[in-house]
Every structure is written in C-alpha cells, then in structure tokens.
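*Asks:* For reference, the chains in residue letters:
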Amino acid sequence: MNIKLNKVNEIPVKTYRWLKVNELNLSEVEVILDTEYKAHTLRVSDNDLDKVELNRDLSEVMDLNKFKDVRLSEELKDISEKNANSKSCLYIKADKKLEEPIIFNYELNNDNPSLIDNNIIFADKNCESTIIFKYSSKTNEYNFHNCLSKIYIAEGAKVKLIKVQNLNDASNHFDLNLIHLERDSKLDIISVEIGSKNSCTQYNSVLEGENSNCDLKSVYYADKDRIIDINYIINHIARRTNSSIDAKGVLDNTAKKVFRGTIDFKKGAIKSEAKESEHVILLSDKVKSDSIPLLLCSEDDVVGSHSASVGKIDEYKLFYLMSRGFNEKEAKKLIIEGSFSNIINEISDEDLKEEIMDNIKRRLEGDK
Amino acid sequence: MEKRKKTYVHDVDRGVYDIKNEVKFRYKVKSGLDENVVKDISKQKNEPEWMTEFRLNSLKIYNEIKLPEWGPDISDLNIDKIITYIRPNTNMQGSWDKVPEDIKNTFDKLGIQKAEKHSLAGVGAQYDSEVVYHNIKEDLIKQGVVYTDMETAVKEYEPMVKEYFMKCVEPDDHKFAALHGAVWSGGSFVYVPKGVQVDIPLQSYFRLNAPGAGQFEHTLIIVDEGAKLHFIEGCSAPKYSVNNLHAGCVELFVKKDATLRYSTIENWSKNMYNLNTKRAIVEENATIEWVSGSFGSKVSMLYPTSVLKGKGAKCEYTGVTFAGEGQNLDTGAQVVHLAEHTYSTISSKSISKSGGVATYRGLVRMGKNARHSKSTVSCESLMLDDISKSDTIPVLDILNDEVDVGHEAKIGRISDETIFYLMSRGISEKEAKAMIVRGFVEPMSKELPLEYAVEMNNLINIELEGTVG
Amino acid sequence: MKGDFKVNTLLEINNLHTKVEDMQILKGLNLKINEGEVHVIMGPNGAGKSTLANTLMAHPKYTITEGNIIFEGEEINNLKADERAKRGIFLSFQYPEEVPGITVENFLRTSKSLTSANPISILNFRRLLKEKMALLKMDESYAKRYLNVGFSGGEKKKNEVLQMAILEPKLAILDETDSGLDVDAIKTVSEGVGLLSDSKRSIIIITHHNKILQYLKPDYVHILIDGKIVKTGTSELVHEVEKNGYEAYKNLN
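Chains as they are written, first to last, in my numbering: chain A, 1 to 368; chain B, 1001 to 1469; chain C, 2001 to 2253.
Do not take every clue at face value.
Stated by the list, open to error - If you want a taste of the chain C side facing chain B, the calculated C-beta under 7 Å gives, among others:
1) D2022
2) I2076
3) N2078
4) A2081
5) A2085
6) G2088
To be verified - Here are the simulated SDA-like pairs of lysine to any residue, each with C-alpha atoms no more than 25 Å apart in a straight line:
7) C:K2019 <-> B:N1461
8) C:K2144 <-> B:G1312
9) C:K2080 <-> B:V1454
10) C:K2231 <-> C:R2201
11) A:K271 <-> C:Y2095
12) A:K224 <-> A:D169
13) B:K1433 <-> B:D1404
14) B:K1433 <-> C:T2110
15) C:K2112 <-> C:R2201
16) A:K288 <-> B:G1312
17) B:K1410 <-> A:G268
18) B:K1311 <-> A:L283
19) C:K2144 <-> B:T1152
20) A:K14 <-> B:E1170
21) B:K1430 <-> B:N1461
22) C:K2080 <-> B:E1170
23) A:K93 <-> A:T130
No wet-lab data here; the hints were simulated from the structure. We put the beta carbon where it would ideally sit given N, CA and C, even for glycine.
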C-alpha cells in the first residue's frame, strides 16, 4: 500500500516557507503493515543476564506518556501504535555495570520485509551499559522500517546508544528516538546512517535532570539518489545540563540531505552548555545539502554555540597527501575515512566497526 | 470570534524621536484596503495607467497570499485599521524654508539639516506618505546623478522606472510585497551613471507622524557600471497606542563593477510593525554592502537579500539588532549565490533585554552555477537578562560541491568576570555593561559615518537605561 | 579602633574570613601595610593567595564572613570594586579578561578619568600612555587594539602593568603577574612596577616564583598557608622557602 507522508521531521521553529526545509513530505511511500517480523535477535552476554530484565512491564517505572506529543509524522505515529510487529522492553537494573553491549540485531529479508518496532528501554539508577541497534537488509527487495524507541536514563546511569542503519537501496527507514535523562545521567549516542533510499531520523532528548549530559555523534554517507532527513533536538530543561551534537557527512551522486539540529535552552537551564557542529563533504555537483542548525535560547546564563561547514574536500589536505604519493582518489578516501573514524571508533563492537568502515571504503572506491 | 489582544506599547523616553506633531494633511484615504482605496491613491498621484494597473494587480495578489507560517506573531496587525495613504499639507520642496514649520523642526531636531550641511551629498525627507524635501548637490547633478522622490521619477524617468520597478522584488514575493505594490507611496529614486563615484553619502529619512498610518515608501537605486554610491536610510516615528505599519520596499540594482553601500539605522517606535523588504541584484564583480541596525519597532521582519547574479559579485552584511521590552525583532541576511566566484560575508550581532526577542533568521543559498564560491556567516547573540529570548535560525542550502560555506553562532551573556575586571578599574557596574555592549556592536559602529555611529550609541543607551543617554 | 592608626598605615586586614561558593578559603588573615612598603605573599597552591587578591578588590563571588579590611583608616568591606578602584586600590589580574570592541586607549582614558581627582586632557593622556608604553617596551599599536583580545599571556600581563602605571594607585596588588612570562619580560615588568614604588605607594606581590624578587626588593615576606599568614619575615624568608619548601610551615598553622 502506498501512502503519503506529510510533515515528517518537522523543525521545532519554522523558517522561510519557499525553501521547503521545515519538514519532509513524501508523496508515495510503500508501507507494509500486516506482516510478521520474526528475525529479531537480541543478544545479552551470559555474564550480564542477571543484570537485566527483558519482559518487565516498564509502565510502572516510567511515564510512557512523557513523549506523547513527539512524532515523526501523524501517519508514522499511527503505524507505530497500531501495526507494531516487534515490541521489546529492556530494563537494566540499578547499580549494575554490564560487561558487554546489548545488541538488538534487526535483519530484514524476504520473509520479514517490514519491521515496525517499538522499543522501551529503562536504564535504572547508576547502571552502565552499551546498547546497539543494528538495522540491515539481507535482500534487495523493498523493506519498510518504522521505529519508535522510548529511552529513559535514570539518575546517575551511563548509557551508550549505538544505532547503525544499513538497509538496502530501495528501502524506507523511519527512526524516532525519544530520550529522557534524569539527574547526573549521561547518554552517548552514536548514529550511523549509511543505507536505505529514504532515511528519516530523529533523536529528541530532554535533559530534565540537573547535571545530565547528552552527546550525539552522527555519521551519514549518502550516495546514489538517497535522501537523508535528520532532526536532532536537544532540550535543556534543568540547570547544569550539557550537550553536544557532532555530525559528519558525505554526499555523493544525486543524494539529498536536510540536517536540522536544534539546541533549545529553556528558561531555568542555567549554567548549561551546548555545542553543535556539522561538517559536510560534497563529492558531486548534483547533490543538495541543507543545514539548519538552530540555537534557541530563553536563558541568559548559558553557553551555546553552533557551527556548520559545507564544501568539497580541503584542497590543502588533498595536496599534502598527494605530495606523499597518494593519488587523488586514495587521498580523498583517506580524508573521508579520517573524518568519520573518530566517531566510528567510539563503537565498542569491533565487528560492527569493521563492517561499517569496510562498507564505506568499498563505496568510496566506487564499488557500489 | 477571536478576541484581539490589546495593543501594548512599551514606555521609554526616546527624547527627540518621540516628538509628535499635530496631524495636518492635505488628503488621506479612509482606513482599510480595497480597490477604491488603491484607485484613490493612484488618482491622487496622477499616475500613468500602467501604474494604476500594477497597483490593482498587486492588490489582487495581496488578497490571495496567506500570511507567513513562520516568524513573529503578527495577528494583532489589522489592515482594516491602517490608513494607507496620508499626504502632508505641503508639496515637495527643494528648500527647507518652504517646508511647513512643524515638519521642518522635526527633521531639524532629528539632525537631518545639520548632516546635510556637513556630511551628505543629498537628502530626501519623507513625512507620512509623501516626500516633503529633496535636494542634491550641484556637482552631482552635473555628473548626471539623479536623486529624487519616486513620484517625480515615475513621471520624469518613466522608462527607467517601468523597467526596474518591482522587478527585483515582485508583488507575489510575499503578502507584504503585494501590499506594498498596491499602496506604495514616497521613497527615493537614485541613478548613478556609469563610472561616477559618489564619495559623499546620500540620505533619505522617513518619518511617520500620523497615528494608525502606514508608510510604504519605495526606494529604487540603480548604480550603473563601475559607479559607486553610499546610501543611508533613516527612519523613526513617535510612539502611539495604536499599531502603525511600515511595509517599504528597497530595490537595488548594482551593475557590473559597481559598489553600493546601503546603511540603515531603523528606529521606529514600539507600536510599529516593520515588515520591510530589501533586495539587491548584484552583477559581475559588483559589490553590495549592507550595514543594518535594527533598534525600533514592535515587530520587525527584515531580511536584506543579495542576489549575486554576476561572476565575482560580492556581498558584505554587518547587522546589529537590539530587542528591548515589548519587541520581537526577526532579522537576518539572505544571500543567493547564482554565479561562479561569488563571495559573501555575513556578520550579525544581536542583543536582547527586558523580555525582548531577537532572532537571527538567515539564508545562504549556493545555486547550481555558483561554483568556486564562498560564504562565511557569523552570528553572535548577547542576552542581558533571563526574561529575554534569542534564537538563531540559519539555513545553508547548497546545490553544488565546489563551494566553501561556513556558519558559526554563539550565544551567551556578559560574563561576571568581565564586569568585575572593568569595575576593578573604577568603572561602575552599569557603565561596565554599557561599555561591553558598545564593544559588542563596535564592528557595526566602525562601518558607519561618525554622526550615525553616535546616533547608534545613543539608541543603545536609550535601550540600556530606559532614558535618553 | 581608628585611634590606633598611625598616619602611615595604608591597609589593615583584621581576622579576615572569606568564602567562595560555600568553601571557606581565608580563615582569619591579618596583615598590615604601611605607605611605601612592598610586601610579598607566598604560599602553596590553594592556600588562598588569589582569594586574598580578589577579596581586596571586592570580587562578587568572594564573600567576607568575618573580619574587616581597613583602607586609609576606613572600613571598606562593603565597597564595590569600582569604589575601591576610585580609592586607589589596583589589582593586576592573573587572567585578564578580553573585552572586544573597546580599545586599550579608550578604556584606560575612561578608567583614568574615573579614578583620578584631577582631569587629564586627551593630549596629556596620550603623552602619558606613549611614555609608559615605551617604558614597558610595548608597541604603540597596542593602544589601538581591543582590550586583551588576541594578546598573548605575556602581552596581557604587560598590559596590566601598563594600566597600573597609568592609574597610579596607592595600593597595587600583583596577582601572579610574573607567571607565564619569560626572563626578559619579567625584567621589563618588574622595572615597570619598580617605577611605581615610592615612599607613598604600596605593593602586594603574590607569587610563587622568586624571579620577580630579584628586581623588586620586598620589605616584608609573608607565608600564606590554609587561609592564614603563618610566618612573616624579610626577604631572607624567600631563600628559606626556596630551600625547604612550604612543608615546614604547614604545622605552624
């Protein structure tokens, strides 16, 4: 079934209408609503099994309505609510430190062409954990993916959330992550978007507890006719909250990207600090890159900054590498890899890290 | 029916800017906007038929276009209550002696005559809907420079006006451009012939005196190939408890190798909706420089736009916005790079205080053909208290890879340590803050002729202290 | 109290207790400085040296919880920084602030006119500025630069001493003015400070180096440990500290 998606990833504060960057509108999106999803695997290390609960009713520990007003779009919200075919709950016990990452490995294939996953994660007080979400296609047929994750980081908890999306070139990927942070908690997000035809991602973090911290590092690589639509929103509510957004991207061929990154200092968020940066490398004259870094501020006692840079690869860097014997293509590859690697290196899972780097390298070499 | 909010106007003593004259007019239209009002304005002005048609067509567009979905709330603005045309009780004069006493005194107190004597090559002065005074130095006339009011230009330079009028900003651009097209009146027309360097600035000053009125002046400037001009625009109004509206339009044509600097110190009263449109088309190797200070008005939506159309065209924008109590100032630069090797530099500073909202809203677009082009944007916001608001909303829209675009923004307040440092040298806390604010806007003061820099500092002092500094 | 003052006492600090964000730093400090004297305050990191400097200059984050500061016979506890500056107290900052848009010259002229009783003409001011800059081996172009913006650490320190030389305070407090300077710069700065010291002006030098002391001869040396002055002596004390470190003085507290 094909439907129209309106006002996907709406920007928190609108700007000039004629630019058409306030939201994404997709006229024909094939949705697959009535299939089961059975390929889901969740890996928890044996050593960590007693530190988590997988089927606990989390509504008793967290207010699931907290984010009820946030959506990717009305239609996608509706699909999430009515047609979810994979539901996960993860409760990480208080004071527990997990030894290995918890891995949600979602593979889509011909038997499981559609994934509509609802995930709820509660990281209880002072726990420490790494959680990996991996979405990939094992088919060239069309896949539909619509994710809604609600993530609650309790007081003093430290969580690293790694999300890697590498669906096939025909697919649609919609990913909404709603995050709530309590006092003294810390969340590191690593987001890697390298696949699918349309990739729509939103991280919406609310720093509600004093001294909470959210760092978002993101890498995207869009070649061919991919569309990448990003909406990162960090709301500073409490005092002494810190955040950062650091995005690195490459656009090639006829790819299009809209990056919306919002830092919102609400009144009362005194002594908070946030910075945001996006660095985009363009490899083709047919790409389209939109960057809208928003800095909203209703509190004076804060420090906020953002920066964005868009352009081709630094000629001096290129020249330097070429003077050391690399040809232009090799040099470009090296620079892009370098630009990505400090973010990708944060991925603690060695196999996954290698898989991503290999994929990027292969595509940079033209073997797409 | 939705209840309209009561218009609230913040009360500060703005000294000379608040001089109110008794409203004497030769003619005024009824308030509100319809075909008859538009026809009436055109008839009063004795316009050629094409202009009447143009106005009526603009009105049609105005009625079709919706209000913007973004930006400040302007729902309190009721066009039915705005008097769109009010002709003062005088013709345009070439000598101040012939200008009615009260009008002359107002401009004198605003320092226009003094500036004309000392630092300007020509002056235009508009009072409500019409220009009451226009003069230009002899030597410039001899060189073929034209500086006159738009009404005169429509008649005396009809072919040129017809070629350029609202070709840069078309009526269907947005709702208030359409409104402007329908009811425009007054404003200045400048033509600088090829190669002529006008070294001393020209200034047009727009004064709105009548309560509940609108001002819709049209400024059309053509700087021909290799020529140079510095144009200064000033505006102010006394405050009233009813809304006034300013929807002017500035169209700048900067031809090959020409340079135009367009400086503005906007100081409307705090009952003014300032919904102004300014745009420049910049040809090969030409330069547009915007120096833009926004201090007044209740709501401002102002985004000076530069279309870099010719190879090697350049744009420099230096802007300062100061939003005090009761003000929502939404300003910023838009640059559209259309040709190769085009360059833009945007530097914006904003200050918000006492509940004021200052927003930087900008755009840099690198078109398909803008290869080897470069743009640098820097925005700094200073918040003077915790009840104000400051937002930065830039868009970088890039359509080709051979470009270099950078954007930087910072937000924060005056650090206690800096205040202490200055206080330790004997400077009071209040003066230390004022000094830091003045330092913050210094990049703009530096770009202005001295007397205008002084005026700007005075405006900052008014905002900082709530009184005339 | 007032009757006890001799005519030549400039500053008297009695039982001074200072808090910074709920941390008690100064815990009963006593110090008396007469006109024309040069005092050195030494002490390990965290002893309260900078706190003393900031308290004397009325930094808003430093709260006096007990004791008093008497300057020229009058308690100044409640005076703000600018009022203290007008009375003739000067602090050379350890980390001078950068103030964009305000030139060194404009700043100093404003400051000079606010802190001195007799007005100075622009011409005379420029002459004074030029002269003092030459003494400090500062390039004249610094006068037109924005206050401390883009200055190196050493340039900032020199600029502090320049300000002191122009403002001619009765009491100058040098907070680590010698740190971050190379040998030549220390000499220049010390000479600059030396020019100020006469029979009327007093100087407090806060340092943990002794290089500056090769050029400036102190009348008294105080050792500050854990918020109190634990020992006072002559310049001999500097050598003693050099040899033994501060450890030996800790039990004196």
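*Asks:* Can you verify the interface hint for C:G2088: is its Cβ closer than 7 Å to any Cβ in chain B?
*Replies:* The hint is violated - C:G2088 has no Cβ within 7 Å of chain B, the shortest such distance being about 10 Å.
*Asks:* Under the criterion that the straight-line Cα-Cα distance not exceed 25 Å, is the pair B:K1433, B:D1404 satisfied?
*Replies:* 37 Å, violated
*Asks:* Does the nearest C-beta of chain B fall within a distance shorter than 7 Å of the C-beta of C:I2076?
*Replies:* Hint on C:I2076: violated, closest Cβ of chain B at ~13 Å, above 7 Å.
*Asks:* Hint check: A:K224 vs A:D169, CA-CA at most 25 Å. Holds or violated?
*Replies:* 9 Å, holds
*Asks:* Given C:N2078 as an interface hint, is the shortest Cβ-Cβ distance to chain B below 7 Å?
*Replies:* This hint is violated: C:N2078 lies away from chain B, its Cβ roughly 14 Å from the closest one there, beyond 7 Å.
*Asks:* Could you grab the alpha-carbon distance between A:K288 and B:G1312 and see if it respects the 25 Å cut-off?
*Replies:* With Cα atoms ~23 Å apart, A:K288 and B:G1312 stay inside 25 Å; holds.
*Asks:* Given the hinted pair C:K2019 and B:N1461, is their alpha-carbon gap at most 25 Å?
*Replies:* Roughly 36 Å between the alpha carbons, so the hint for C:K2019 and B:N1461 is violated.
*Asks:* Does C:Y2095 lie within 25 Å of A:K271 when you go C-alpha to C-alpha?
*Replies:* Since the Cα atoms of A:K271 and C:Y2095 sit roughly 21 Å apart, the hinted pair holds (cutoff 25 Å).
*Asks:* Mind checking the alpha carbons of B:K1430 and B:N1461 for me, to see if they're no more than 25 Å apart?
*Replies:* 11 Å, holds
*Asks:* Take the C-alpha atoms of B:K1311 and A:L283, compute the straight-line distance between them, and say whether it is at most 25 Å.
*Replies:* 23 Å, holds
*Asks:* For the hint on C:D2022, does the least C-beta distance to chain B fall short of 7 Å?
*Replies:* 17 Å, violated
*Asks:* Has the given pair, C:K2144 with B:T1152, been kept, meaning a C-alpha gap of at most 25 Å?
*Replies:* This hinted pair is violated, its Cα atoms lying about 48 Å apart.
Going down the numbered hints, you'll see the structure goes against 1, 2, 3, 6, 7, 8, 9, 13, 19, 22, while the others check out.
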